[in-house]
Amino acid sequence: MTKVTMTVNGKSRTADAEGRTLLVDWLREGLRLTGTHVGCDTSQCGACVVHVNGAPIKACTALAQELDGADVTTIEGMANADGSLGAVQQAFQDYHGLQCGFCTPGMVMSAAALLKDNPKPSEADVRHYLEGNICRCTGYHNIVKAVMAASGQEVAPVAAE
Amino acid sequence: MYNFELVKPSTLQDAVAALKSEDAQALGGGQTLLPTMKARLAMTEQLVALSGIDEIKGICTDDDGRICIGGATTHTAVAEGATGYPALASLAARIGDPAVRNRGTIGGSLANNDPSACYPAGALASNATIVTNAREIDADDFFRGMFETALDEGEIITEVKFPVPEKAAYEKFIQPASRFPLVAVFVAKFSDGVRVAVTGAASDGVFHWSEAEEALSSDFSEDAVKSLTAPDAVGMISDLHGDGTYRAHLVKVMTARAVKAAV
Ligand SMILES: Cc1cc2nc3c(=O)[nH]c(=O)nc-3n(C[C@H](O)[C@H](O)[C@H](O)COP(=O)(O)OP(=O)(O)OC[C@H]3O[C@@H](n4cnc5c(N)ncnc54)[C@H](O)[C@@H]3O)c2cc1C
Ligand code: FES
Ligand code: FES
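For the record, the sequence lines run as chains A and B.
Positions 1 to 161 (the UniProt record's numbering) are the ones given, in order, by the first sequence.
Positions 1 to 263 (the UniProt record's numbering) are the ones given, in order, by the second sequence.
Heads up, a few of these hints could be off.
Pair by pair, the computed Cβ-Cβ distance ranges are [unchecked claim]:
1) A:76 x B:140: 17 to 25 Å
2) A:79 x B:239: 24 to 32 Å
3) A:100 x B:62: 46 to 54 Å
4) A:42 x B:11: 32 to 40 Å
Rather than coming from a laboratory, the hints here were simulated on the basis of the structure.
All residues carry an ideal CB built from backbone N, CA and C; glycine is no exception.
Here chain A stands alone, though its shape is the one from the complex (with noise of 0.2 Å):
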């Protein structure tokens, strides 16, 4: 074991890490961040997406040791500072972007970085970037409407291509 410790959600925090422990392992059973979603054992759902160093990445295909002294942000961290849901958020819940929501957290944290790189995305934009992030229930639609209404553009009333 070795003392891991990353700046999470502004915060310096430490927790133990094995060599194989997991970003999303340090961050769900050492910090007890249960945000963070863990919906495959292949890397290909995007459930896990948190920010390292600003830029979206899988934490379930990433070492916690590896990223020692990284800046971490989750879905914990979108929220407002007074804990009203943050724009993102606020966004998903009012347009039905999620249904049981497990995808959810990686969900929000994906579009939170296209809108960094991309403030107005067009709908193509948004279903592009999303690629890597997979939902059982929605069908999409909704959680492109959300980010594009997250994004302060005007949301099409039906979803189109």
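Fit chain B with the ligands to the supplied structure of chain A, relying on the hints for placement.
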């Protein structure tokens, strides 16, 4: 995943030394190796992370005008930084999804030589040179069949040098579940001839489609491809996504599209 020790060298020299120990393996972005280890299809006593070695990261242009990419450079960095070779930047921009591209590296992709991976096609079509801590290897000699390369045990890809063609394009027919290519073709037109590299199709991995190279070298047009017979379906991958005949057909279709996109 079985446990292992993680070491994080900050110089190439230390990484090479660490990889000398028996049962040590390089870790690039981990986007292939970690899922494989999670499935217990691979195990190792020691992983040597290359991500902290700055000297094998980044993109530059050498005196011969080649685009040189450090072995530990991520797909995202190539997508954004290989502006001198737009077809290659576009290949990198279409690998997997954004999170995979933020971790996965060119060295890891080439060393792994997945029969459906994108970079092997880019490297072979561009006649790239793969530079390791020990030597330089021509792309033509590097790929040795499915998941096999000319790399020796513990050898690290430090840089890949890409001559920039006059015209080039990469056309990827995506397999949407894995986001790898079902079949993809990289076409590169140089002053002395055309190179066509195909990935996703053959069980032995990336290959030159020589008939197309010949035809396109004398007439660089979509019609030149359309007049060819598709390559032999024998030796093509057959799986639930498509049989060998379908893949062989796609080789021709994607080659024609790549030529159209490059013209
Ligand atoms: C969901 C998903 C979608 C993907 N889609 C695509 C796609 O569309 N196209 C595509 O081409 N790939 C795709 N990939 C694979 C991705 O590109 C990987 O990043 C890549 O194949 C391996 O690179 P890595 O840096 O992650 O290597 P790792 O997984 O760390 O390592 C892979 C192998 O290479 C060795 N290695 C790593 N770096 C070096 C080096 N510098 N020198 C020598 N050996 C080294 C390792 O020891 C290991 O054997 C996808 C992966 C995922 C999870
Ligand atoms: S848990 Fe599925 S990609 Fe990470
Ligand atoms: S809301 Fe259930 S998986 Fe997306």
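Hint by hint, here is what the structure shows:
Checked against the hint of 17 to 25 Å, the C-beta distance between residue 76 (chain A) and residue 140 (chain B) comes to roughly 51 Å, which is inconsistent with it. Checked against the hint of 24 to 32 Å, the C-beta distance between residue 79 (chain A) and residue 239 (chain B) comes to roughly 44 Å, which is inconsistent with it. Judged by the Cβ atoms, the range 46 to 54 Å given for residue 100 (chain A) and residue 62 (chain B) holds: they are separated by roughly 52 Å. Checked against the hint of 32 to 40 Å, the C-beta distance between residue 42 (chain A) and residue 11 (chain B) comes to roughly 33 Å, which is consistent with it.
Hint compliance for this structure: hints 1, 2 are broken, all remaining hints hold.
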